[in-house]
Amino acid sequence: MKIPWFYFASPSTFYRLAGWMAPWFFVLAALFGAAGLYVGLVLAPTDAQQGEVYRIIFIHVPASWMSMFIYFVMACYGGVSLTFNTRLAAMMARALAPTGAMFTFVALWTGSFWGRPTWGTYWVWDARITSELVLLFLYFGFIALANAFEDPRRGDRAAALLALIGLVNLPIIYFSVVWWNTLHQGASVKLTGSTMQIQMLWGMLLMALSFWMYSIGASLTRVRAVILDRERRTHWVRALAT
Amino acid sequence: MNVIAARLPAPDSGGSFSAAFSWAFARDMRLAIRHPGETMLVVAFFVLVASLFPLGVGAEPQLLQRIGPGVIWVCALLSAFLSLPAMFASDYADGSLEQMSLSPQPMPGWVAGKIAAHWSASGLPLTLLSPLLGLQYDLAGDTLLALAAALALGTPVLSLLGAACTALTLGARGGGMLLALLALPLFIPVLVFGAGAAEAQASGLSAAPHLSILGAGLIVAAMALPPAVCAAVRIALD
Amino acid sequence: MNVIAARLPAPDSGGSFSAAFSWAFARDMRLAIRHPGETMLVVAFFVLVASLFPLGVGAEPQLLQRIGPGVIWVCALLSAFLSLPAMFASDYADGSLEQMSLSPQPMPGWVAGKIAAHWSASGLPLTLLSPLLGLQYDLAGDTLLALAAALALGTPVLSLLGAACTALTLGARGGGMLLALLALPLFIPVLVFGAGAAEAQASGLSAAPHLSILGAGLIVAAMALPPAVCAAVRIALD
Amino acid sequence: MTARLTVAGLAASRGPSTLFRDVSFEVASGEWLAVRGPNGSGKTTLLRCVAGLTRADRGEVLWDGAAARGDARFHASLLYAGHQPGIKDDLSAEENVRSALALRAVAVPDGAVRAALADVGLERRRHLPARRLSAGQRRRIGLARLILDPAALWALDEPLTALDDEGEGLFTRLLERHLATGGLAILATHDDLAPAPARELRIGA
Amino acid sequence: MTARLTVAGLAASRGPSTLFRDVSFEVASGEWLAVRGPNGSGKTTLLRCVAGLTRADRGEVLWDGAAARGDARFHASLLYAGHQPGIKDDLSAEENVRSALALRAVAVPDGAVRAALADVGLERRRHLPARRLSAGQRRRIGLARLILDPAALWALDEPLTALDDEGEGLFTRLLERHLATGGLAILATHDDLAPAPARELRIGA
Ligand code: HEM
Ligand SMILES: Nc1ncnc2c1ncn2[C@@H]1O[C@H](COP(=O)(O)OP(=O)(O)OP(=O)(O)O)[C@@H](O)[C@H]1O
Ligand SMILES: Nc1ncnc2c1ncn2[C@@H]1O[C@H](COP(=O)(O)OP(=O)(O)OP(=O)(O)O)[C@@H](O)[C@H]1O
Ligand SMILES: [Mg+2]
Ligand SMILES: [Mg+2]
Chain A
0 MKIPWFYFAS PSTFYRLAGW MAPWFFVLAA LFGAAGLYVG LVLAPTDAQQ GEVYRIIFIH
60 VPASWMSMFI YFVMACYGGV SLTFNTRLAA MMARALAPTG AMFTFVALWT GSFWGRPTWG
120 TYWVWDARIT SELVLLFLYF GFIALANAFE DPRRGDRAAA LLALIGLVNL PIIYFSVVWW
180 NTLHQGASVK LTGSTMQIQM LWGMLLMALS FWMYSIGASL TRVRAVILDR ERRTHWVRAL
240 AT
Chain B
0 MNVIAARLPA PDSGGSFSAA FSWAFARDMR LAIRHPGETM LVVAFFVLVA SLFPLGVGAE
60 PQLLQRIGPG VIWVCALLSA FLSLPAMFAS DYADGSLEQM SLSPQPMPGW VAGKIAAHWS
120 ASGLPLTLLS PLLGLQYDLA GDTLLALAAA LALGTPVLSL LGAACTALTL GARGGGMLLA
180 LLALPLFIPV LVFGAGAAEA QASGLSAAPH LSILGAGLIV AAMALPPAVC AAVRIALD
Chain C
0 MNVIAARLPA PDSGGSFSAA FSWAFARDMR LAIRHPGETM LVVAFFVLVA SLFPLGVGAE
60 PQLLQRIGPG VIWVCALLSA FLSLPAMFAS DYADGSLEQM SLSPQPMPGW VAGKIAAHWS
120 ASGLPLTLLS PLLGLQYDLA GDTLLALAAA LALGTPVLSL LGAACTALTL GARGGGMLLA
180 LLALPLFIPV LVFGAGAAEA QASGLSAAPH LSILGAGLIV AAMALPPAVC AAVRIALD
Chain D
0 MTARLTVAGL AASRGPSTLF RDVSFEVASG EWLAVRGPNG SGKTTLLRCV AGLTRADRGE
60 VLWDGAAARG DARFHASLLY AGHQPGIKDD LSAEENVRSA LALRAVAVPD GAVRAALADV
120 GLERRRHLPA RRLSAGQRRR IGLARLILDP AALWALDEPL TALDDEGEGL FTRLLERHLA
180 TGGLAILATH DDLAPAPARE LRIGA
Chain E
0 MTARLTVAGL AASRGPSTLF RDVSFEVASG EWLAVRGPNG SGKTTLLRCV AGLTRADRGE
60 VLWDGAAARG DARFHASLLY AGHQPGIKDD LSAEENVRSA LALRAVAVPD GAVRAALADV
120 GLERRRHLPA RRLSAGQRRR IGLARLILDP AALWALDEPL TALDDEGEGL FTRLLERHLA
180 TGGLAILATH DDLAPAPARE LRIGA
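Chain order of the listed sequences is A, B, C, D and E.
Per numbering that gives the first Met the number 0, the first sequence runs over residues 0 to 241.
Per numbering that gives the first Met the number 0, the second sequence runs over residues 0 to 237.
Per numbering that gives the first Met the number 0, the third sequence runs over residues 0 to 237.
Per numbering that gives the first Met the number 0, the fourth sequence runs over residues 0 to 204.
Per numbering that gives the first Met the number 0, the fifth sequence runs over residues 0 to 204.
Incorrect hints may have been included.
Now the in silico label distances, taken between C-beta atoms and shown as ranges [claimed, not checked]:
#1 E:Ala195 - C:Ala92: 35 to 41 Å
#2 B:Arg29 - A:Pro116: 56 to 62 Å
#3 C:Pro107 - E:Ala195: 56 to 62 Å
#4 B:Ala215 - A:Trp23: 43 to 49 Å
#5 D:Ser23 - C:Asp93: 32 to 38 Å
#6 C:Pro184 - A:Pro97: 39 to 45 Å
#7 A:Thr241 - E:Pro194: 52 to 58 Å
#8 D:Glu122 - A:Thr241: 23 to 29 Å
#9 B:Ala139 - C:Gln64: 22 to 28 Å
#10 B:Ala25 - E:Gln83: 20 to 26 Å
Please keep in mind that the hints were generated in silico from the structure rather than gathered at the bench.
Here the structure is a predicted model, which means the values were calculated and not measured.
Don't be surprised by glycine CBs; every beta carbon is placed ideally from N, CA and C.
With the sequences and hints as input, model every part of the structure.
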């Protein structure tokens with residue numbers, strides 16, 4: 000137990016640490032968000048076929064990315080908590096889930112909202128869209144399972160395991176556009192050069208950064224609540240109360 | 000009190016994977032087909048739900064043809080789902096699961112055995128029956144073939160995924176609904192590829208890509224999930 | 000040991016129908032929504048299954064429109080079915096059912112209460128949700144209305160029929176599958192008229208005849224089935 | 000209050016084998032009957048017949064002279080607890096007791112339930128779902144019922160199961176009070192209780 | 000054969016409350032340990048920790064000096080029976096015993112199972128599904144297991160539950176034989192057994 004990492008992994012210290020860090024991430028989120036919106040709504044040119052509607056992309060794509068990325072991180076925390084039986088990692092996983100679910104929902108919402116003008120319908124049972132829906136249910140399942148036991152530690156373990164199993168879904172979401180000829184359009188952002196306007200790219204990236212920062216801030220704030228609830232019988236929490 | 004006098008030799012240091020597997024498989028199969036009538040139940044149920052559909056949807060041939068594979072797959076999915084509790088929940092309730100996990104038999108062995116039993120009692124009969132049901136929806140011969148093949152590859156995956164989910168929900172509140180919330184989303188990809196195979200075939204394309212993906216999925220699931228199930232069971236008993 | 004000294008007055012000669020009803024209703028509802036999360040489970044499940052079918056079937060809007068009502072009805076059917084065991088089976092296993100049938104409360108009262116609770120936990124939320132799901136399958140406004148009305152009339156019948164079937168299968172082996180075999184066929188007529196209502200509406204005819212048939216069915220079921228359930232419970236406990 | 004349970008010529012069989020035939024006895028206020036017999040002799044079956052759960056092959060059960068089966072007054076004054084005492088895992092100890100009382104239409108002064116749970120040593124755990132309770136603690140929920148429920152006739156199947164010595168003492172005190180206040184009881188049990196039974200009924204070999 | 004179970008500094012907590020902390024004891028061949036304590040004191044939890052079902056907060060369990068948890072040799076020589084002894088309602092008494100033995104990889108001479116069932120008084124009912132058996136008869140299936148299973152270490156939770164006097168006598172004889180033939184046992188129980196325990200472990204208040 001000498002390693003400082005374990006020191007920070009002790010709930011009481013991490014509680015303070017999180018409380019100190021969270022605001023800064025929200026600030027960063029706001030800054031990136033402002034920049035992203037400026038680039039996306041002002042600098043980026045109007046799209047040839049779609050007109051202004053396409054600007055949904057600046058919410059839609061970053062949200063979609065985060066929905067998958069957060070799940071990945073959550074699963075990693077789950078894995079850590081299972082292997083090393085660390086309480087904090089499990090709490091972080093719990094804290095991430097609602098944010099992830101939120102972004103998944105936003106991706107679905109903006110997507111279907113976008114679908115109306117472009118595909119002429121709010122909803123199609125297209126593979127990517129469906130697998131994204133599955134992702135939403137995986138988040139729900141995670142939250143439900145984590146709270147389905149009287150003993151929170153058991154909830155942690157079970158939910159962590161579920162998160163790991165659910166990882167299968169991520170590649171399906173991501174590559175679905177490749178595997179099936181879907182209505183949904185394929186990846187236009189590729190490491191090897193992008194097919195889209197440079198401003199659009201920047202806008203999306205900035206928004207993604209902003210969402211990312213927001214997620215960290217939100218999960219840190221939430222994990223403090225989880226810690227308090229979990230440790231409510233310990234001395235240091237009692238000390239906080241008084 | 001003859002026996003009480005005697006004492007047996009100590010057991011050899013514990014069973015092998017295959018021993019555990021066959022023990023669990025035999026036991027669960029016996030429990031499943033405890034009474035002749037019940038062997039028919041899964042099948043009956045399957046046929047039933049499959050025939051619910053045309054009724055609900057209203058029966059034009061071409062429409063039926065169109066939705067046939069999907070419906071049959073959904074049935075496979077549901078009957079796999081409905082027979083899930085039998086896999087772990089009852090053993091958990093009456094303490095059998097403790098006995099198994101404390102036995103010298105290796106856990107992966109009997110877990111695999113239970114999963115295999117679940118498949119043989121739910122997925123297998125459905126696969127064998129599917130051609131008949133397909134005829135109900137008058138599907139073409141090659142489509143039937145593709146359908147059966149897809150089921151043969153897909154239903155084991157359902158059993159594997161289902162096992163993981165029931166094991167996770169052991170002792171949880173919310174019972175069946177929670178299980179549904181966990182399992183059905185995981186089933187969806189299987190459904191997509193499974194139904195896709197038959198439909199591709201029906202629309203003149205080859206079912207091969209879907210089938211190969213299902214096969215790959217099966218291999219991955221068979222490798223990855225049993226350990227996960229073991230972990231879940233240990234968590235449940237803790 | 001303060002309390003032990005005291006002794007309470009004897010109970011009045013036993014409860015009324017309404018007392019029994021509200022007791023059972025309150026109890027089962029509490030058990031159903033024991034924890035906030037679980038209220039969402041039924042809903043989640045419903046949405047989930049509703050999204051399974053189109054997936055299996057493949058996704059052309061007009062096709063979806065066509066099968067929408069049928070699918071939603073099948074979902075209603077399934078989630079009514081899934082929550083059946085909660086109605087009697089668990090109470091039978093842990094002895095609560097004995098307690099109830101030995102209580103001074105009139106049996107029809109608490110049986111009705113349990114059925115009502117089952118409906119409020121399965122049928123009701125589905126009825127309220129159905130318009131949303133209908134939108135997913137983009138059904139027209141009046142069709143949605145007809146669908147909701149049909150569900151409002153039909154789902155209670157499902158709960159009543161389901162109650163009779165679970166009560167009959169109490170203590171029988173074969174569990175879920177046997178229940179499925181008994182219940183689902185009985186559900187079919189409800190499904191037919193229920194889905195029929197929405198389809199009639201969709202195809203420009205009036206849903207009224209279907210709805211009135213459902214209504215009649217509901218009245219008959221509400222009259223005839225509770226006594227049958229009571230009888231079945233007594234048999235199960237004997 | 001005074002009451003009387005009369006059982007005349009009761010006979011029951013399970014599957015092939017007859018468990019007992021013409022069992023007759025009487026229990027009056029202040030008395031309790033011990034039903035004894037080896038495992039599988041039919042004690043539980045007898046209790047269920049008396050309670051009216053199982054239909055006996057022959058014989059009758061009278062409560063204050065009137066046929067008991069299905070009689071509202073009998074049900075109002077009967078408290079039956081079998082091997083499975085009907086405790087809901089998802090409900091807390093307190094909720095379990097309350098709903099059991101409500102079911103029997105017993106109104107208790109508020110605070111009484113909590114006091115009773117304190118008496119049986121569950122006060123600190125009264126909000127824990129019964130699933131989390133130990134075997135004995137679950138049985139103690141039943142004891143709390145006995146404290147609060149004014150039923151005149153107890154029909155209890157092995158009431159001491161899983162109870163520790165303190166719990167046994169508690170139960171005997173409860174039984175004494177019950178008899179003293181004019182109650183009667185039929186207990187199927189393998190061990191001996193402090194207040195000697197007025198009568199013993201041996202069934203089976 | 001000689002064996003030794005060593006438990007050192009075991010501590011377990013459930014939910015908020017600590018049940019016991021640094022419990023240490025040793026049991027050697029021919030000895031048995033009685034785990035006593037009021038309801039809810041943690042006897043079951045202790046047994047589960049020893050068996051390796053529940054993960055203890057602290058402390059270690061050694062079997063012949065080697066860490067027990069997950070060790071094949073330990074599992075081969077452990078026979079654990081909790082409050083729920085894992086009897087399948089749908090299987091007959093005989094099938095239950097056989098499958099339990101097969102699970103523990105114990106091979107028995109044919110006729111042995113039937114003889115054992117006769118010893119516990121279930122011979123006539125050995126083909127009846129366990130669901131149809133009485134409370135005590137179900138427990139007796141467990142006794143038949145004890146007769147046939149050569150496991151060196153018994154960890155039994157309230158083994159006398161629902162047994163009549165004859166059944167208790169049978170169990171004590173079995174325990175005596177078990178100890179005489181070099182077995183050891185940990186029993187959580189509320190009542191006193193004929194062969195006095197080598198050691199008593201009191202947990203809880
Ligand atoms: C509910 C409906 C929808 C869902 C669930 C959804 C989901 C997703 C997901 C998960 C991604 C990120 C994956 C990736 O970057 O490869 C994504 C990206 C994207 N989506 Fe959607 N989408 C939906 C509807 C739409 C619609 C209607 C459009 C426009 C016609 C659209 C256009 C895009 C674009 C352009 C990208 C970025 C692709 C890239 O650059 O990689 N999406 N969507
Ligand atoms: N369907 C059946 N077929 C054959 N025998 C049956 C059937 N149902 C019950 N029995 C037998 O009837 C008897 C019922 O016994 P009961 O439960 O009343 O015994 P008990 O005196 O309560 O025993 P215990 O002391 O173990 O509780 C048992 O011997 C059981 O085997
Ligand atoms: N999640 C939980 N939260 C709080 N307390 C718990 C939880 N789970 C178990 N307990 C408590 O831990 C204890 C477990 O006791 P255990 O079952 O080991 O008791 P026992 O000694 O076997 O009792 P008995 O003699 O009744 O069998 C009980 O007091 C129970 O209330
Ligand atoms: Mg009995
Ligand atoms: Mg215990």
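Hints violated by the structure (numbers, ascending): none
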